[in-house]
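Sequence order for the protein chains is E and C.
Its first residue numbered 338, the first sequence is counted upward by one per residue in my numbering.
Its first residue numbered 43, the second sequence is counted upward by one per residue in my numbering.
These aren't lab readings, by the way, just hints derived from the structure by calculation.
Quick reminder that beta carbons are idealized off the backbone N, C-alpha and C, glycines included.
Warning: the hint list may mix true and false statements.
[As the list claims (entries may be wrong)] Distance condition first, Cα-Cα at most 27 Å in a straight line; then the derived DSS-like pairs of lysine-lysine: (1) K427(E) - K106(C); (2) K382(E) - K427(E); (3) K420(E) - K579(E); (4) K478(E) - K504(E); (5) K397(E) - K382(E); (6) K420(E) - K382(E); (7) K550(E) - K584(E); (8) K196(C) - K525(E); (9) K197(C) - K525(E).
[Said to hold, decoys possible] Footprint (simulated), chain E over chain C, 3 or more residues, beta carbon under 8 Å: (10) 146-152; (11) 230-238; (12) 362-374.
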Amino acid sequence: MKGLHVLLLILSLVHTSMGAELTATQILEKIDKNQVLDHAIVTAKMVIHGRAGTRTITSKSWSEGKDKSFSEYLSPAREKGKKMLKLGDKLWSYTPEPHDRTISISGHLLKQSVMGSDLSYEDFMNNDSMVSDYDAKLVGKEKIEGRDCYVLELTAKRDGVSYARRKIWVDTERFLPVQSDMMAKGGKLLKRALIRESMRVGSRWYPKSMHFKDMLSTGGGTEYHVESIDLKTSIPAQKFTKASLRK
Amino acid sequence: MRTLLLLALKNVRGAGLRTWLNVATLSFGFVTIVWMQGIYEGMMRQMVTAQIDTEYGGGQFWHKAFDPFDPLSFEDAHGEPGDALKKLVAEKKATPILLRTGAIFPNGRAQSVVLRGIEPTQEIVQIPGGVLLREGEALPGLIGKRMAEATGLKKGDTVTIRWRDVSGTFDATDVEVVEVMNIAVPGLDAGQLWLPLRTLRRLIGSAEATTLFVTEKGYVESHIEDPNFVWKNNDFLLSEERAIFESKKAFGYILYVILMAMGLLAVFDTQVLSIFRRRREIGTLMALGVTRSEVVGLFTLEGSLHGVLALFAGALWGIPILAHAAKIGIGLPKMSDNMGIAIGARLYASYAPQVLVVTLCVLLCSVVVVSFLPARRIAKMRPTDAIRGKG
Numbered sequence: 338m339k340g341l342h343v344l345l346l347i348l349s350l351v352h353t354s355m356g357a358e359l360t361a362t363q364i365l366e367k368i369d370k371n372q373v374l375d376h377a378i379v380t381a382k383m384v385i386h387g388r389a390g391t392r393t394i395t396s397k398s399w400s401e402g403k404d405k406s407f408s409e410y411l412s413p414a415r416e417k418g419k420k421m422l423k424l425g426d427k428l429w430s431y432t433p434e435p436h437d438r439t440i441s442i443s444g445h446l447l448k449q450s451v452m453g454s455d456l457s458y459e460d461f462m463n464n465d466s467m468v469s470d471y472d473a474k475l476v477g478k479e480k481i482e483g484r485d486c487y488v489l490e491l492t493a494k495r496d497g498v499s500y501a502r503r504k505i506w507v508d509t510e511r512f513l514p515v516q517s518d519m520m521a522k523g524g525k526l527l528k529r530a531l532i533r534e535s536m537r538v539g540s541r542w543y544p545k546s547m548h549f550k551d552m553l554s555t556g557g558g559t560e561y562h563v564e565s566i567d568l569k570t571s572i573p574a575q576k577f578t579k580a581s582l583r584k
Numbered sequence: 043m044r045t046l047l048l049l050a051l052k053n054v055r056g057a058g059l060r061t062w063l064n065v066a067t068l069s070f071g072f073v074t075i076v077w078m079q080g081i082y083e084g085m086m087r088q089m090v091t092a093q094i095d096t097e098y099g100g101g102q103f104w105h106k107a108f109d110p111f112d113p114l115s116f117e118d119a120h121g122e123p124g125d126a127l128k129k130l131v132a133e134k135k136a137t138p139i140l141l142r143t144g145a146i147f148p149n150g151r152a153q154s155v156v157l158r159g160i161e162p163t164q165e166i167v168q169i170p171g172g173v174l175l176r177e178g179e180a181l182p183g184l185i186g187k188r189m190a191e192a193t194g195l196k197k198g199d200t201v202t203i204r205w206r207d208v209s210g211t212f213d214a215t216d217v218e219v220v221e222v223m224n225i226a227v228p229g230l231d232a233g234q235l236w237l238p239l240r241t242l243r244r245l246i247g248s249a250e251a252t253t254l255f256v257t258e259k260g261y262v263e264s265h266i267e268d269p270n271f272v273w274k275n276n277d278f279l280l281s282e283e284r285a286i287f288e289s290k291k292a293f294g295y296i297l298y299v300i301l302m303a304m305g306l307l308a309v310f311d312t313q314v315l316s317i318f319r320r321r322r323e324i325g326t327l328m329a330l331g332v333t334r335s336e337v338v339g340l341f342t343l344e345g346s347l348h349g350v351l352a353l354f355a356g357a358l359w360g361i362p363i364l365a366h367a368a369k370i371g372i373g374l375p376k377m378s379d380n381m382g383i384a385i386g387a388r389l390y391a392s393y394a395p396q397v398l399v400v401t402l403c404v405l406l407c408s409v410v411v412v413s414f415l416p417a418r419r420i421a422k423m424r425p426t427d428a429i430r431g432k433g
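Model the full structure from these sequences, guided by the hints.
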């Protein structure tokens, strides 16, 4: 009898250590744990492959939660010094030249493309939680970009979420969405995001190199490379004020 | 007076080529100015007619958040009308239009587009919405020629559009171009895609959404009070077009001045030369008892006769040209579409009688004045010096 108890205990430990099948919601929670940042300072390079050629833009961003974000363009020369501040659904854009000008833009601009890229301001500054936006259904497992992935179908929980439906392939080990297909309400594929390289940041995995593609247009898409990320340094509250745009 | 007139006529005729050169220069100025005024008047008339027929009707009720110059405002500028406006629509005295921004992807190239929802059966504005009643796999869409050229789309092509619904969620579908219409108003053509109103409302998820109501032509303002919509009459709606037109007209004034200066300078020059060369004649006339003012009058009359002759000459060769511009019109180059005003493929001159009379009077008065100014010198002449060819 004692032997049977020991056997059951061993089997139970083995089952736990092998990992019980996660639910779709648990997978989303794990993604959020990796991707939703309390605060971060990110230096990134964006390579836009447009019809007219390729442009590279580097920027440094400071973000806190999902509502506060501040970005400054570092290069090329013509974009250098441009800054953007997002507070909730409001956006301010600052252009140093030719006129020292701050423009307040309504929330609609958040849905427009950033510098002609395949990313909208919303995508660019997004730090939303997947769990709070979507209901998920686990539909299988597939290998994507050489990684074993859970395949999840997501449906928006509420109105106003940019993409009503998504299909994501989540790395079973790192819990990052290796591929995200973003779909319209009617089901048309609108955008695809691929994580091509990921990196360890403290205890979490974070995308290092991504590729975004507007699936309705024939451009070459937009690459997004994180050059550095700092999750430790706290950001002064003053950073997220209009005054900091002119500094 | 009759003698003076006969004498002046004889002198003018006797001046020969000099007279005809003056008459030719002046008549050219007269006809060109009248022609240009006719063109401007015609341009204005065509523009107003096109705007009223296809866009403004008898005036519009705008959603209070609607700003036609700010496409970003279209997202919020829609609402449900009150009973009075609904009644106006039911009586077919107004038709609702819904505007929404989106993107269109002809040949995989993303372009901004304004989606315009219109009742296919409406008869208030001259938009061939009837073609939108066609049913097919893709939604029926109507575009103008400018839009077709800009996007490379033609009748029968299918194109993907993307938009956001009222809550901000993306949606996309395919639209089949069922017709490419020829419309004079660029603002209803370039960057615009027309869809059935009910379809667009369904796409954005709002069954009663309306951005503006266009009333029928000749609608008498009935001061409808609506919490969401405000009345805009045609004086207001056409103010931008009138401002553009006035700025173009201002350029015309500069040309008038140059043309008239050419003619008037010729008359002035002729008068100065004539007085210098005919000093002996002036002295003789004075010695014979003709008063100074009569001599001044004679020379002023001679100069003014150039203007009168120019009127007749201008009428002779100008009327066929002016009539041609009014009846057959002038074909406009394609680039005229970029002027931003609704004219159409041909421009027809229009001559308002009062404008014509005032213009000709001003021109004739100017000729009289420039004829008189050099003649004033005669009043200072002494007959004895003048007979000797001095003074």
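Against the structure, the hints come out as follows:
1. K427(E) - K106(C): holds (22 Å)
2. K382(E) - K427(E): holds (24 Å)
3. K420(E) - K579(E): With Cα atoms ~10 Å apart, K420(E) and K579(E) stay inside 27 Å; holds.
4. K478(E) - K504(E): holds (12 Å)
5. K397(E) - K382(E): holds (9 Å)
6. K420(E) - K382(E): holds (15 Å)
7. K550(E) - K584(E): violated (34 Å)
8. K196(C) - K525(E): With a Cα-Cα distance of about 23 Å, the restraint between K196(C) and K525(E) holds, given a limit of 27 Å.
9. K197(C) - K525(E): It holds: about 24 Å lies between the C-alpha atoms, which stays within 27 Å.
10. 146-152: holds (count 5)
11. 230-238: violated (count 0)
12. 362-374: violated (count 0)
When the structure is compared with the earlier hints, violations turn up for hints 7, 11 and 12 and for no others.
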